[in-house]
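Q: This is what each chain is made of:
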Amino acid sequence: MTDAVGREEIVLNMGPHHPSTHGVLRFVVYTDGEIMRKAVPEVGYLHRGIEKLAEQTTYTSFIPYADRINYLEAVFASQAWAMAVERLLGVEVPKRAEVLRVIAAELNRIANHCIALGCVAMDLGAYTPFIYLLRERETINDLFEELCGARLTFNYARVGGVSHDAPDGWLDKVGAFVARFDKVMAELHALISENEILVNRMLGVGVTCAADAVAYGLVGPNLRAAGVDWDLRRDLPYSAYPGLDFAVPVGGRDGRGVAGDCYARWVVREEEMRQSARLIRQALAALPDGPVMGELPKKIKPPKGEVYAAVEGARGELGVYLVSDGSNTPYRAKWRSSSFSAMSMIELISPGLMIADLVAVIATLDTIAPEVDR
Amino acid sequence: MRPDNDIRALVGYIVETWELSPFWADVAAAVVILAVAAVVFLAVMTFAGVLTWAERRVAGRTQSRVGPNRVGPIGFLQWVVDGVKLVLKEDFVPDAADGPLFRLAPYLVILGVFSAMATVPFSQVLIAADLDVGALFIMAITSLVVVGVLMSGWASNNKWALLGGVRSAAQIVSYEVPAALSVMTIVLLAGSLSMQTIIGQQGGWPWEWYIFHSPFTFVLFFVFLASSIAEGNRIPFDLPEAESELVAGYNTEYSGMRWAGFFLGEFANVYVMSAIATTLFFGGWQVPGVAAEEHGDSLLIQGLGLVIFLGKAWVGCFVVLWARWTLPRLRVDQLMGVCYRYFIPIAFACMLGVALYALVVPAGSLPDVAVHLVTMAMGAAAVVVLFRRVGHHARSVGDRISLAEVLQRGQRFEFDPSVQLRRYGAHRRGGARESR
Amino acid sequence: MKEIRDALAERLGTEIEWHEDLAGDPFAVVPPGKWLEACRAARDDERLSFDFLRNQTGTDVPADEVIEVVVHLFSYKHRHAFVMKTRVSRTDPVADSLVPVWPAANWYEREIYDLLGVRFTGHPDLRRLLLPEDWVGHPLRKDYARPESYQGIPTTRPGKEDR
Amino acid sequence: MGSIREYFETIARSVVTLGDGFAVTLSYLFRRPNTIQYPDRSTRPVVAMLPERSRGLIEIDVTCCTGCMLCARACPIDVIEVKVEKHPDLGRMITRSAVDWSKCMFCGLCTEVCETGALRHSHEFEAGMASPLSLVMDFIDEPVPIVKVKKGEPPPERKPLGSIIRARLPGPWDPPPERREKPLPPVAPKAAAPATAEPKDGGTP
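Protein chains in written order, with the working numbering: chain A, 15 to 388; chain B, 1427 to 1862; chain C, 44 to 206; chain D, 195 to 399.
No wet-lab data here; the hints were simulated from the structure. Predicted model only: the values in this text are computed from it and were never measured. Treat the hints with care, as some may be off.
[As the list claims (entries may be wrong)] In silico lysine to any residue, SDA-like type, Cα no more than 25 Å apart, as pairs:
#1 A/Lys66 <-> D/Arg290
#2 C/Lys128 <-> A/Ile129
#3 C/Lys128 <-> A/Pro317
#4 A/Lys187 <-> D/Ile230
#5 B/Lys1585 <-> A/Gly37
#6 A/Lys187 <-> B/Leu1726
#7 A/Lys313 <-> D/Leu264
#8 D/Lys297 <-> C/Val109
#9 C/Lys185 <-> A/Asn27
#10 A/Lys187 <-> B/Arg1491
#11 D/Lys353 <-> A/Pro181
#12 A/Lys318 <-> C/Ala84
#13 A/Lys312 <-> D/Gly356
#14 A/Lys318 <-> A/Gln70
#15 D/Lys345 <-> A/Leu310
#16 A/Lys313 <-> D/Thr310
#17 C/Lys128 <-> A/Pro181
#18 A/Lys66 <-> A/Gly37
#19 D/Lys342 <-> D/Lys297
#20 B/Lys1585 <-> A/Asn27
[To be verified] Chain D residues, not near chain B, derived (Cβ > 12 Å throughout):
#21 Thr219
#22 Arg226
#23 Arg286
#24 Pro380
Glycine included, every Cβ here is placed at the ideal spot set by N, Cα and C.
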């Protein structure tokens, strides 16, 4: 649209093939020069129809698909699916399997936050932190490869337990990794977290107040950064979390800036990585002996009914609404993902931002395309 | 009149020995100028090429990876191979682009950067043109780069390129001011614009360099370094070609040899920048212990001067590369804000400081030398703190993380409270800033 | 769960169908006419205060010729959850939009419209979210036949027979 | 006055935080890089470095496959194809045992179902091919009789992991082989079996 003086508004197509849209997403950005009037996200490029596929596979053979809903949080997705089916079947999961799931989940959370923080730093111009965090992530991938054989989509949780027990020597390696982890976080913190340029790029940018966050359904680190003290692992405890204690970082409390801005999201994620390392230490100490798989009926045919099972994923609540009609294939499976609601908020946050800020907001909200489109 | 010891001396010598008629003297002058221009152009092209290899090595090593090490002894010929690849690549012109402008832009950038080498003194004799207004010439000619970048941004008819071009125009022009101020302060100290005289005024030993002349020039060096990094469009000021925001900024539509023009222009700019910094602040080709005058006769001292100059220039380049792989990128409004709120006031204050200092303290007296030594001690202290911190980081995480090694050392996995995150800005930042 | 249902029923004045005989979570069924009113009550009522729309789903049930719109609510204040459903006819599915109550419903409803074809009255900008604008049909319906090709691109993958 | 103090405080904070960042990157110059320079300069072949459970390309050891086709059913995307046909004399024979590596997602569900362990994940991963069709790996050249495993008896000895794949892997630029179902061997003529041959197998074709 042109205004009185005849100046035209630039309509920029940021994506679907753009260096800083994580995955295949497109933003139609209406700007005049740098300041943005509005950014409208266009999604659907990565829609694989996983929910339709769920209606054609059996309950166990859907787990590889669950991993691919969000390949950075594979353990959480398969854990949520397994919990849903277990609640329908009424199967009791042995304690050792629960603790192994917690260890795998927290390792996966650290790996995911490595990518999240690394991408934020890289999108704001600093390439080196991304490489250091990738080095840590490689170690975690090696640990997972020893545990279950895969490096990204693990297919580790099963209905009723986990697929493999920890190989011998693996638990010590996890302990060694976690022992070193605080020093690595201290080094990352020294390199970039308090870097004046990075902090100023994120202070007061893309602020989501607590009321907006709840109204738009933000979850996980984005919600905690907005000031709402809510974490499924502590407030609706599931799996082996009741026995473990850890602190839940909330935005705007320490450090600089306002609750809900990009820097609060960075500080919350960084602190969460350290807390995950603490959780793994306690889980390693509390790992009981025993079987790794509960008793399961020969054929998994959950009774008719529906269940909503949610897990505190790395990006927040990752839940599955599973409807079963008694046959061995699910009747309907709807996945609730955090990037979906975070992406729907971009239109609210974006007016007034600059293009460089939009890049920072997308990176700190940690939205990822497969989870939005499923 | 200073003995002119650059091309004019060379041409004069040739005309004398061969007793050329005026016409042939002009031809000889033209040939000599072209030859010297070719030599300088090739020299700086090789420096820029080696700099691309050095950047990828420094990037590799700072990121705990290896960097190019396959082509040549330690990957040293990587840039030759890259050059061949770029020549072979197809450099098409988008049909909606503004053809002539699109083709002219890289040459303007290269012209702007390489012509600055005319007055860079490699050694007491080795200088293409020892102009009396050397420093002013460099400041003027390097702003040709703005025209080239803006032209490429506009001509490629691409929204990203346009944004990149406009950003670079604002950035380079506004960072000319602090750079010019710091150069002017050094000229004030040296008393002449000619680069050879500026070096001549400084001595060989570090405390005779202008950087340690007084705390003001010490701060001024960092202002000059930062603003010339900004002029070279390098991180943390690389807004015009911000990969993560503007796809590739002004050179989005370029490919092949034209893109190589911008690429070499950028790295040659880094080299020119550190060469000028060496001349102004680090005493150029001065050999410690040898006065500037005795350089003329012996070849050895000339060679030594050249080596010292190149060494200092390469250390300057390393600092620029090192900054690229450590710092994030500023936003456009912050970029302007930092320039107007921090760099220009500091540059003015340092200039006043230097002027007052020159007024109050007579040159060469005891307090003057004391101030030099104090500034040098300040610089040395900064370096010591840096390396102590480097040692701490190197030991804390260690290098190759093989978990087996960690296991053998029997490291238990309790929570290590000693590792605390150093929170600099723990205080709240004066209430909630207005949300953007 | 029961007291939530009773509070809601009392607030709405009509009886709410309640199912807890099936496996998994019990849920309440609200007639389509009362859908927006029930959701508004769920959010504003002091005893319920469901401020977090956890999930909104559409399920196609051809057996009873109906499409269910399911809402999972959660309250951060009272820390309790609740599941509510409404059934709209399958041939001409229309339901009230919940965007005035929870802005989060905006994209959920666009996705349900896109994949199941339920039109939501009062939705600010109801258009397809995931599939291309000119896609025909709603894939998540049980009787959905996959088109052979979309704008010339075949949608079948070389199967086993020619491997 | 507060803003003057904050002005210098910002400068001081910038110098300290940026300086710390510089120290970290400089410290990496004095450390050994982490890169394993695959493929030519790694200390030992990467395939040997992989842990024991690593899920690489699928490998079917036909000498101990019982033809139960549990794996084909367990695979979510129908990537494994096993076909067993009855041969009058030689009994049930496997005529088709193939895995389409180009579509396999290495999820490991098939290996968990296989009772005799004939189908396993090898640690091989270097199967770069010119055309995806040559990624359809056929594990038999001619029909092979299935193996009968009595209850409780250990399954037959399996070949070393990855050896089958390394033996059968075509070159990346070879044309994709023509893979069709292997026809059953012709039924051996009854060699004028004496009329008194056992009348009970009346069902000879």
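Q: Any of the earlier hints contradicted here, and which numbers?
A: 1, 2, 6, 8, 9, 12, 13, 17, 19, 21 and 22
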